[in-house]
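Student: Chain residues, written in single-letter form:
There are 2 protein chains.
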Amino acid sequence: METFFSFLEKRVDDSSSLLCVGLDPHVSDLPSPTAASALTFSLNLVKQTARYAAAFKPNAAFFEVFGAEGWTALKQVIEAIREESDRMGSRIPIILDAKRGDISSTAEAYAQSAFESLGVDCITLNPYLGKDSIAPFLGYDERGVFLLCKTSNPGSGDLQDVKLETGEALHIHVAKLAQTWNTRNNIGLVVGATHPQVMENVRTAAPSLWFLAPGVGAQGGELKAALKAGLRADGKGVLLPMSRAISRAENPGKAAADIRDEILHITRELKSR
Amino acid sequence: METFFSFLEKRVDDSSSLLCVGLDPHVSDLPSPTAASALTFSLNLVKQTARYAAAFKPNAAFFEVFGAEGWTALKQVIEAIREESDRMGSRIPIILDAKRGDISSTAEAYAQSAFESLGVDCITLNPYLGKDSIAPFLGYDERGVFLLCKTSNPGSGDLQDVKLETGEALHIHVAKLAQTWNTRNNIGLVVGATHPQVMENVRTAAPSLWFLAPGVGAQGGELKAALKAGLRADGKGVLLPMSRAISRAENPGKAAADIRDEILHITRELKSR
Numbered sequence: 177m178e179t180f181f182s183f184l185e186k187r188v189d190d191s192s193s194l195l196c197v198g199l200d201p202h203v204s205d206l207p208s209p210t211a212a213s214a215l216t217f218s219l220n221l222v223k224q225t226a227r228y229a230a231a232f233k234p235n236a237a238f239f240e241v242f243g244a245e246g247w248t249a250l251k252q253v254i255e256a257i258r259e260e261s262d263r264m265g266s267r268i269p270i271i272l273d274a275k276r277g278d279i280s281s282t283a284e285a286y287a288q289s290a291f292e293s294l295g296v297d298c299i300t301l302n303p304y305l306g307k308d309s310i311a312p313f314l315g316y317d318e319r320g321v322f323l324l325c326k327t328s329n330p331g332s333g334d335l336q337d338v339k340l341e342t343g344e345a346l347h348i349h350v351a352k353l354a355q356t357w358n359t360r361n362n363i364g365l366v367v368g369a370t371h372p373q374v375m376e377n378v379r380t381a382a383p384s385l386w387f388l389a390p391g392v393g394a395q396g397g398e399l400k401a402a403l404k405a406g407l408r409a410d411g412k413g414v415l416l417p418m419s420r421a422i423s424r425a426e427n428p429g430k431a432a433a434d435i436r437d438e439i440l441h442i443t444r445e446l447k448s449r
Numbered sequence: 177m178e179t180f181f182s183f184l185e186k187r188v189d190d191s192s193s194l195l196c197v198g199l200d201p202h203v204s205d206l207p208s209p210t211a212a213s214a215l216t217f218s219l220n221l222v223k224q225t226a227r228y229a230a231a232f233k234p235n236a237a238f239f240e241v242f243g244a245e246g247w248t249a250l251k252q253v254i255e256a257i258r259e260e261s262d263r264m265g266s267r268i269p270i271i272l273d274a275k276r277g278d279i280s281s282t283a284e285a286y287a288q289s290a291f292e293s294l295g296v297d298c299i300t301l302n303p304y305l306g307k308d309s310i311a312p313f314l315g316y317d318e319r320g321v322f323l324l325c326k327t328s329n330p331g332s333g334d335l336q337d338v339k340l341e342t343g344e345a346l347h348i349h350v351a352k353l354a355q356t357w358n359t360r361n362n363i364g365l366v367v368g369a370t371h372p373q374v375m376e377n378v379r380t381a382a383p384s385l386w387f388l389a390p391g392v393g394a395q396g397g398e399l400k401a402a403l404k405a406g407l408r409a410d411g412k413g414v415l416l417p418m419s420r421a422i423s424r425a426e427n428p429g430k431a432a433a434d435i436r437d438e439i440l441h442i443t444r445e446l447k448s449r
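From first to last, the protein sequence lines stand for chains A and B.
Here the first sequence is numbered in our numbering, starting from 177 and rising by one per residue.
Here the second sequence is numbered in our numbering, starting from 177 and rising by one per residue.
These aren't lab readings, by the way, just hints derived from the structure by calculation.
Backbone N, C-alpha and C define an ideal beta-carbon position, used for all residues, glycine too.
Incorrect hints may have been included.
As the list claims (entries may be wrong) - Once the Cα atoms are required to be at most 30 angstroms apart in a straight line, the calculated BS3-like pairs of lysine-lysine come out as: (1) A:307 - B:339; (2) B:307 - A:339; (3) A:352 - B:352; (4) B:307 - A:307; (5) B:352 - A:339; (6) A:400 - A:352.
Stated by the list, open to error - If the Cβ cut is set under 10 angstroms, some of the chain B residues that face chain A in the computed set are: (7) 265; (8) 288; (9) 304; (10) 328; (11) 331; (12) 346.
Claimed, not checked - Listed below are several chain B residues computed to face chain A (Cβ distance under 8 angstroms; list not exhaustive): (13) 189; (14) 191; (15) 202; (16) 235; (17) 241; (18) 282; (19) 306; (20) 308; (21) 312; (22) 333; (23) 350.
Could you put the whole structure together from the sequences, leaning on the hints where they help?
Tutor: Below, the structure is given as structure tokens:
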């Protein structure tokens, strides 16, 4: 049986890419504040960037804001990624950025919503409610989750950096829990790429997990610091989500290709050391 | 200007109730697994229980699982609560149980989705991403949030009970933060009613905040322990959400009335001591 992360790694190999293309149809980036506009925006990005994407990451909030029509658009975007995958002969993992987190039958409903109704491969989850809130998602074969560990926003320290009596920060506790819980190769971590030292610490706490590492720009220096801090010994383990650096570029396809190549260049350089 | 919690307190007075009727159209409780069934289930509950409800709490997951149709049903349920409110001449607060949590423009989109697209009065949020993830919701006048503090599930201890270097548990840290952040009377806490001692500790840490306290049955003993631990000196401050104790009763209207009365009885008893 294929696990989510073996599936992701196959696509990483097929595409020579660690780039995760974010599909964030924020209303300020749309010609009109409608679900139809969000759909066009997203389909256009999918078409132009699929070749260079190790994964796609639609963000639920920017569809949900349009109510039922937004939900229909999200479903259509997911179907379009499947079609593009078929065309290329290489299936692209879809990570729903939804940051859900609830318990028992409610968690089951969210898992069903993501993995069955929408049909995505992976979802971002909030770990605050503990292992049993994650369990219903882990019950799905070949699907995966990324647990929030250390986010890139200024307020992330309010909880995530709080020092425990063991002397470690809460986000390190979460990283260690996730490493322990990952018995079926279907748990990764969201670790902001903005602080390479933090990422290095999380890598020590969770040596084998994949990181979804947002917050880094397309600039070479930032990219290099993040990859150096987060990559595993096998040169994998970090997925870099980028949204506006691509969607706002004059030519999103070329922007995605350039970022993919830059990441590849840095990864090879780091490996050859 | 009215704040969310002054609005809630007005309704608590109007209804002599601390009962929050949960609208959880779980698929196992529906005659068929469809959005139409979820809608009928919810509308029926609203109609039968509105007189006794201090608030309604629809759970997003059980609608989201039906995709776009579920989202439409949720919107219709919210409208039906507004109509019922108009009929009674007393507006009933609607708390969307969604446990969202994200940053910057994504948090803004979730706030817009809840408060504008759906038009609810309040939402449950996850505090793991810190104050700036809450801020976009607090910017709405007359709306409120309940932050997850200590949940009622077995795994809640994985993070929420972790001891900090100050010696206090993480959920106490969250309670204190929420008390500090609550400068506009629009922040409450989700505190499981299953452990009265925990609730008492959270009450000490957050003396003035409203608690949304799930997990307690309709039994008198459990109710009394929870209310004793959580009520403020003014005999308010605890909202008790109940779902299946009402929806699975032969007569949901009577069940809601009985629970409302039992809570009222206990509250008066505790006050007279």
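Student: Run every hint past the structure and note whether it holds.
Tutor: For each hint, the structure was consulted:
1. A:307 - B:339: holds (18 angstroms)
2. B:307 - A:339: holds (18 angstroms)
3. A:352 - B:352: This hinted pair holds, its Cα atoms lying about 26 angstroms apart.
4. B:307 - A:307: Satisfied, since the Cα-Cα distance of roughly 24 angstroms is no more than 30 angstroms.
5. B:352 - A:339: It holds: about 16 angstroms lies between the C-alpha atoms, which stays within 30 angstroms.
6. A:400 - A:352: holds (25 angstroms)
7. 265: Not OK, violated: residue 265 (chain B) not within 10 angstroms of chain A, min 29 angstroms.
8. 288: holds (5 angstroms)
9. 304: holds (4 angstroms)
10. 328: holds (8 angstroms)
11. 331: Residue 331 (chain B) check passes; min Cβ-Cβ to chain A is 3 angstroms, inside 10 angstroms.
12. 346: Check passed: Cβ of residue 346 (chain B) comes within 7 angstroms of chain A, closer than 10 angstroms.
13. 189: violated (31 angstroms)
14. 191: This interface hint is violated because 26 angstroms lies over the 8 angstroms limit.
15. 202: holds (5 angstroms)
16. 235: holds (6 angstroms)
17. 241: holds (4 angstroms)
18. 282: Holds, about 5 angstroms.
19. 306: holds (3 angstroms)
20. 308: holds (4 angstroms)
21. 312: Not OK, violated: residue 312 (chain B) not within 8 angstroms of chain A, min 11 angstroms.
22. 333: OK, holds: residue 333 (chain B) within 8 angstroms of chain A, min 7 angstroms.
23. 350: holds (7 angstroms)
Checked against the numbered hints given earlier, this structure breaks hints 7, 13, 14, 21; the rest are met.
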